[in-house]
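Enquirer: Residue numbers (the working numbering), protein chains in the order written: chain A, 1 to 67; chain S, 1 to 406.
Calculated directly from the structure, the hints in this document are not laboratory data. Treat the hints with care, since some could be wrong.
As the list claims (entries may be wrong) - Here are a few chain S residues that face chain A, going by a calculated C-beta distance under 10 Å:
1. Ala10
2. Arg110
3. Gly138
4. Pro345
5. Ile347
6. Gly350
7. Cys356
8. Arg363
9. Pro385
What the hints assert, rightly or not - Straight-line alpha carbon distances no greater than 30 Å define the calculated DSSO-like cross-link-like pairs of lysine-lysine that follow:
10. A:Lys9 - S:Lys301
11. S:Lys7 - S:Lys34
12. A:Lys9 - S:Lys312
13. S:Lys22 - S:Lys330
14. S:Lys123 - A:Lys9
No residue lacks a Cβ here, since even glycine has one placed at the ideal position from N, Cα and C.
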Amino acid sequence: MRIKVDSEKCQGHNRCFVLAAELFELDEYGYATATDEGKVSPDLEDQARLAIENCPERAIEIVSEDD
Amino acid sequence: MTTEPVKDLATDYDIFDPEYIKNPYPAWDELREKCPIPHTDRWGGSWMPTKYEDLFALAQDIEHFSSESVLVVPIEPPEGYEELEGSAQFQEVGAPPISADPPLHTWTRRLLLPPFSVKSVQKWEPLTREHCRSLVDGFIDKGRCDGAADYAQQIPGYVIANMLGIPSDQSDTFTQWVREFLEYGLQNFEMAAEARNKILTFLWQQITEKKEKPGDDLITYLVQAEVDGEPVPDQHVLGTCFLILVAGIDTTWSSIGSAIWHLAQHPEDCQRLINEPELLNTAVEELLRAYAPVTMARVVKEDIEYGGCPMKAGDKVLMSFPAANRDPEKFENPDEVIIDRENNPHIAFGAGIHRCAGSNLARMEMRVAIQEWLARIPDFKLVDPESVTWAGGQVRGPRSMPVVFG
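Isolated chain S (complex conformation):
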């Protein structure tokens, strides 16, 4: 692992460079012009397409690009991994369908889609709304809050815990675990391995309990589901629960946070959304486009030349959907947030067979979070734009963002 300054983006980009995390857009612009599929040896090595058409094509090409390892850094088991509690028990647990190729992908995804459909997700809207209101109640009288830590971060963990049927008063703990795995863990494999074991140990205990005492929740649904007349193997139930928890927290929290960050600096957009609430769905899509949080990875299956790049079997390709969404060849004025943008086929949720299964849930949470915030806090701004801290790598979004109201 190197911490040397980046010499040349085309051959040496660094996804964990603090400047890049804070403002990645100039780097993508430069790369699209100069070398649209750069390579780096940092962080285990990877390719990083930056053009919409390349990302779209690669996302569709499951023949040559596998999802067996979707983290942007290849996490290796740390020293002494075998001795860690849970390691032996959970070694083989994946995160299907996100970590699977067909045919495993096909049935594990079919299992997951119905509870995340537009209609199913509607059921969770009142709970989400009520929760957002109570969060605002908690800080409105102070005249300020941390828009990331006190609001955005508090929403997805609570909603997903309720959906899974696990205690939502522990949602701070879940959020912490997910950060240890996905945010800090990619630069600290020991922390990632421990967090993974903690999450799996907890979920396995919950699954065991639901088998004894079924509830009206997602874990029970997975436990009771049958595929071709057979129950779903425990390992897949556990892996899918792991996926739901890990993928449902950091990502949506980052989207909500970036939306608040944008609105804090654009009072004209706040005013417009208050006056024209029918624009909200379109605005959510535009905020998703402009501030897409998630980069997934693919693994090259066999040596292949793509876009003039000699990709070798086992190489990682970073699916920088956020860069695709800023490609001027696809979007007019891509760096401008136009909340009523009509032509917006963004790929914030990816494309192809791995399209984010939780996209309807994420959209609902974003819409409700923005609505409830603006209803009570129509006028607000960043305390100091320079002091906002960002996380990046797999998931990009603000982590600390003090704002003042009125």
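Pulled out of the complex, with its shape left as it was, chain A reads as follows:
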């Protein structure tokens, strides 16, 4: 799976980081980007989906399911 954070939509709620610290990093303002170019290892896919569901800004998307 590969994911992406839309930087236009992210407002720094930091929910993704709390739910899946391995998949997201925050800048000093709290805005998130996906780590490792968005690559999600199979064991972290559930966490990635949790982050997507909980983002209040709907800023995280799945770029591809089988990357």
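Given chain A, work out where chain S should sit, using these hints.
Expert: Relative to chain A, chain S alone:
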């Protein structure tokens, strides 16, 4: 200002109706079904969306909805305002970025975010924890306390005073000022104006002192900050300090209070949090969803029809984030507090460019406050659920809540 009984929620809701403050949920349920964006002429007039999708959309639409006035009641200067001490000096002071639209919003917010990041806030956790412990020490032997006044209320003022670098032994005074401004003040403009001047006079004195004698604190950070190579104008430093103090006290105190209120009536949730401490972060989000304390306002910029409602330029729109969080179209069993709820994109901290800048601090304080309470008081209940008093309007939460332990 009317105090007539409410005839029809859709055209006449009253955000200060004591019954509504105590239990607003049935009103929102009725409105979502019947008229999801009601209007009232009370308290200066306003619209009040109650559905998640509408609140989400409105929060994003900064083109049509301004944050120039975010209080739920348009405070007008009381008679004789000009003669009040501080009025002339502070007339133009806002509360950026909360009271600002872009472009002012953009740089004032960028300035404020780093000291409130997840990482920066961690630094304040030991002090918060120690303070919570000492509060519990103060009442544990009595076997009872007021969970709102003796605990929840005592936490945010202390933490924010330490962050700002102002004397934390005066945190009761700050809390009182904030209540006079935000809680009682919305129904008493004279009190609001006096409280505002008192807070600004005090903060201006602190800012002047930090300029002479810098410290390792938030006021010094703002005083020394540069934007595009220029120092931040005094007026903005003062306005931002005002915002930090006012927004950081009532709100978090209300969240902690509501969490204690919930736990007092749900021993099974207390037990679960004690047995499964890893659930705490998820539980905090759920308590934030279910008992979101804050309603902000927006001002309609130009005449617009939204959701079939003819909104006029200058109209107020109440951003009832707490109602959004109880919308059954967005959340399954919204009135049930499910402390391990997995799908929870609540908007207790708002959405869009005005997302609460202090959200990480609030979460940390809630988590630590619940942890420290449960560690010493795992078993407790309300003395009398009917006697709990609530404040509402801008910020909803319990204000007096006697509980007994064991």
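Enquirer: All the hints need checking, so say for each whether the structure fits it.
Expert: Status of the hints after comparison with the structure:
no.	hint	in the structure
1	Ala10	violated (28 Å)
2	Arg110	holds (6 Å)
3	Gly138	violated (31 Å)
4	Pro345	holds (5 Å)
5	Ile347	holds (5 Å)
6	Gly350	holds (9 Å)
7	Cys356	holds (9 Å)
8	Arg363	holds (8 Å)
9	Pro385	violated (31 Å)
10	A:Lys9 - S:Lys301	holds (23 Å)
11	S:Lys7 - S:Lys34	holds (15 Å)
12	A:Lys9 - S:Lys312	holds (28 Å)
13	S:Lys22 - S:Lys330	holds (24 Å)
14	S:Lys123 - A:Lys9	holds (28 Å)
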